[in-house]
Amino acid sequence: MTLAPRWRKLLGDLTAAQGRVALMVTALAIGLFAVATIAGAYSILSREISRNYLNTNPASALIDVGAVTPEIMAMIAADPEIANAEPATIAEGQGLDAQGNWQRTLMFVVPDLAKASIGTVFAQDGAFPPPPGAVALEREGLEFLGVARGGAISLRLPGHAPQSLPVAGIVHDPSLAPSWQEQTAYTYLSPATFAQLGGSATLELVKVVVRNATFDQARTEAVVGALAQRLQASGVTIHQIQIPPAGQHPHQTQMNSVLGMFLVFAVLALLLSAMLTATMVSGLLAQQIRQIAIMKAVGGTTRQIATLYFVGVTAIAALATAIAIPLGLAAGNGFAGVIAELLNFDIGSPDIPLWLLANLIAVGLLLPLIFVALPIRRATRFTVREALADQGLTRDVLTMGPVQRLLGRLAGSDRALALALRNVFRRRGRLLLNLTLLGAAGAMFIAALDTQAAWDNQLNKAAALRDYDVEIKLAQPIAFAKIEATLAGVSGIAELRPADAIAAATGRDDGLMIVRTYPDGGHGSLWLRPDSGLPAELEFLSGGVEDGGAIVNQQGWTLAGRPAIGSTIKVAVEGKTTPFTLAGVIRQILTPATIYIPPAAYTGFTGRSGQVAAARLISVSSVPGDIAALANTTETALTAAGIDVEQVLTEAILAAAQGGHVKILIVALIAMAVIMAAVGTIGLASSQGSSVTERIREFGIMRTVGASGPALVRNILAEGLMIALLSLPIALVVGLPLGYGIGVLIGSMAFGLALPLTVSIQAIAIWIAILIVSSISASLVPARRAIRLTIRQTLAHT
Amino acid sequence: MVTASASPFRPAAVVPTAIIDLSGVGKTYRTPAGDFAALTDINLTLPGGQFLAVVGKSGSGKSTLVNLLTGIDSVTTGTVRFGDTQLNGKSEEQLTAWRGRHVGVVFQFFQLLPTLTVIENVMLPMDFCRVGKPAERRPKALALLDQLGIAEQADKLPVDLSGGQQQRAAIARALANDPQLLVADEPTGNLDSRTTAEVMDLFKSLTRNGRTVVMVTHERDLSAYFTRTIELEDGRIVADNRVGAQS
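One line per chain: the protein sequences are A and B, in this order.
For what it's worth, our numbering labels the leading residue of the first sequence as 3, then goes sequentially.
For what it's worth, our numbering labels the leading residue of the second sequence as 878, then goes sequentially.
Simulated from the structure, these hints should not be mistaken for laboratory data.
Quantities reported herein were computed from a predicted structural model and do not represent experimental measurements.
By construction, the Cβ of each residue, glycine as well, lies at the ideal position given by its N, Cα and C atoms.
Check the hints yourself; a few may be wrong.
[What the hints assert, rightly or not] Residues of chain B clear of chain A, computed beta-carbon distances all greater than 12 Å: (1) Thr954; (2) Ser968; (3) Ala1028.
[To be verified] Partial pick of chain A residues on the chain B-facing surface, computed with a CB cut under 10 Å: (4) Ala295; (5) Gly302; (6) Thr304.
I would like the entire structure built from these sequences, with the hints used as guidance.
Next comes the structure, spelled out in structure tokens:
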């Protein structure tokens, strides 16, 4: 069967424009690939992170009663709203890593690990449960501590001598944030083994699962609150209740936010690709105006002709879809694997839902058609007479409007330049597409670099505001004078000061101390400090200093529900709740949620006088290596003096825990911006190619009246440059709020505070340079093509 | 080689007494400088078999008249009838469909579609207007090209043909749907004298089969071919000469 002539024409046109067709397929495929990758990964990860977390049957709450008794367990079991309850201890100790440094290590102590049904772990290697005298190590700990499989690990509890225990088994605990991210190893052991390390054999807390409340935070809080009050009424002391976000992995929100942001960018990339396709189709159609007229003259209706072009675009879209979606989904699967590994959970199934596949295909096929509908409609609705007379000029251009006059003045006495500048406005629709394409690419580029600048500023500010180099957390409060005396002989300390802090919660009317933390104690912790420990330099976001008032940092303010300045916030510690007037909110970056209260009130909570559980020091040297060495020397000196150190934090550790990983996102954003810049340049190149082809005859006339080759080249380059520079205001107007929006997302995730609006002059300068270089390179090829033709060839061009 | 004397083409399907009738036709264009009357009070009746030349200076309204005859443009005043069909008030789409079936158009610059072969160019109107069965279109197009003496060029692209050959291909395309009216806008303007003579013989032969051919020309020395010549000046018919009997 032979193809009808009109389809032969379509085939011939596509073949003749195979370079542009290839560009269109590539552009669309890149956009679709990005969307398929991120959407596929999102679909897999959001399902699998939830599945992994819920498979552990996480506790709805952990009730810290100090010492679990059979009576307490019986009371809890009698509550019909409680589906299950198990006793446990979660203790903070240290494990020795391969480099000889003590690292924070959590010990999950469970009476019978084999029968445990709340917060379960999955055995991966070796023996589980570990035999008496041995521990199981969460798999991430292997790399974090540098422990060999089947090896031993040195563990110590504060105040007790370290002991080397065999690592009998490796387990996977998908309910926890990864070791590398939290700078914490996780171990699982029996009460007897825990006692061997010096811990108490009596378990401290009860893990409970509230019936039918897997995702119901309010119901969980209500049930657990009521249970705790009944326990208190029976004489049980409730030290603290941990209620993590219901049914959510610690990093689920962060992961969804980041993937959501990438999805937005991927969709933007696809929209730009579709726009680029529309620009290219528009260019092709501009060259076909006469052919359309001829087809109409011999009986082709508008619908028949439009269908022809729509089918052509559908073929291009189908090819791009066929290439991009399988590759994108495969990449998405790989990307999901990388993220899952980063967040320490396993992908059970790489399947994506059929609806997603169907939607991706539909978007791949329909989006380009939607974008080209307008250019096709416009080109095919020309009457035969208009099309045959088409010179690429609109009546608006033929009349000298203010824009044309301005452009004429800009060119001075150079009429060829004036012509070039006016040519920019010849095809208004195409100009609009080009400006949108380049403007959007520029906006993303500027937004990404603005975000990076805002992030760097924020880190620098954080470092400047954090007026110490090393923080030492002690296992028990100790007289600060003893610490001073112990460290007096340590060289390299410029200043040492107390930095006592105590875990707290925002107070409730029922006096219960409910925190939003996970079993690892992180993600939602709140610290109470005396305001004498406030940094010297404060940046108030609202309010200020007030006698007797409390000052919170922005993380603490968010945790407390963003109360108004002057309102009362209740602080609870160990069952004691005290109200404070909120005096001010300060900016503190890379610092946990903290409430600063007057020293007297603080002492009232802690009962400590002259004793501290933490100290901070300033190093003489600002070299990171020297600071790390000082941290080690300090720890050694304190330990030698019989002072139990729980943790030593340096800025390098903080940066490793929080800083570097967000930077990855910004690098990815910049990579996307570079892709966008490339797409924009392709668009401009295509547009310039069309523009030159349309005006070949005009160039012939110009050369006939004496225009030189270089003059023509300058004419075309000026035109490209003008389009590129016209897109700059769009890029700025869109890029600045876009950058701010990304800063809000990333800043909220990292600091609980939006990154401030930062305008990177460097970003704008780089983008202008890219615009200039890309517009020149995009225009150079068509310009050279134009001057290679002889005058006879140009005048004969149809 | 064109074999005009053999009357190679099928007669038009219907040959009414008056193929086309323009009555009181005027065409005015709106321009930034004000309204411009391209044609004024044109009354013209063309019976079947007539070979009409439209002459006049540049800007006299020749192309506008041709555009009105072919339905490419519409009148501002007056009526245009084609057989029993009144063209006034028809939409662009209706005019396109009508033109495809009833009018063949030949342009000065041939205007063959460059990515189609010669025979595909000829088959294109049949395809658009769904004339004949698909399997019959190629043989018919080939026969037309054969009659025009360029059958051996059928599978070449237009760019590979000489100007004369391209114009013959364009004429074949205009005849593809057996139109009753053939309108040619300076079809010999780019041809040498020998090819011009061949094309004119061809047009002449078409009129013998009852078709009407309207041709815009500047070339006075072609007058011997025409059965009628109208001269336009400032949008009006200033002369209407019937110069010979129809054969």
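To see whether the hints hold, each was checked on the structure:
1. Thr954: Holds, because the least Cβ-Cβ distance between B:Thr954 and chain A comes to about 18 Å, which exceeds 12 Å.
2. Ser968: Since the minimum Cβ distance to chain A is about 10 Å, B:Ser968 lies within 12 Å and the statement is violated.
3. Ala1028: 17 Å, holds
4. Ala295: With a closest approach of 8 Å, the A:Ala295 hint holds.
5. Gly302: Since chain B brings a Cβ to about 4 Å from A:Gly302, closer than 10 Å, the hint holds.
6. Thr304: For A:Thr304, the interface hint holds, since the closest Cβ of chain B sits about 6 Å away, which is under 10 Å.
Of the numbered hints given earlier, the model fails hint 2 alone.
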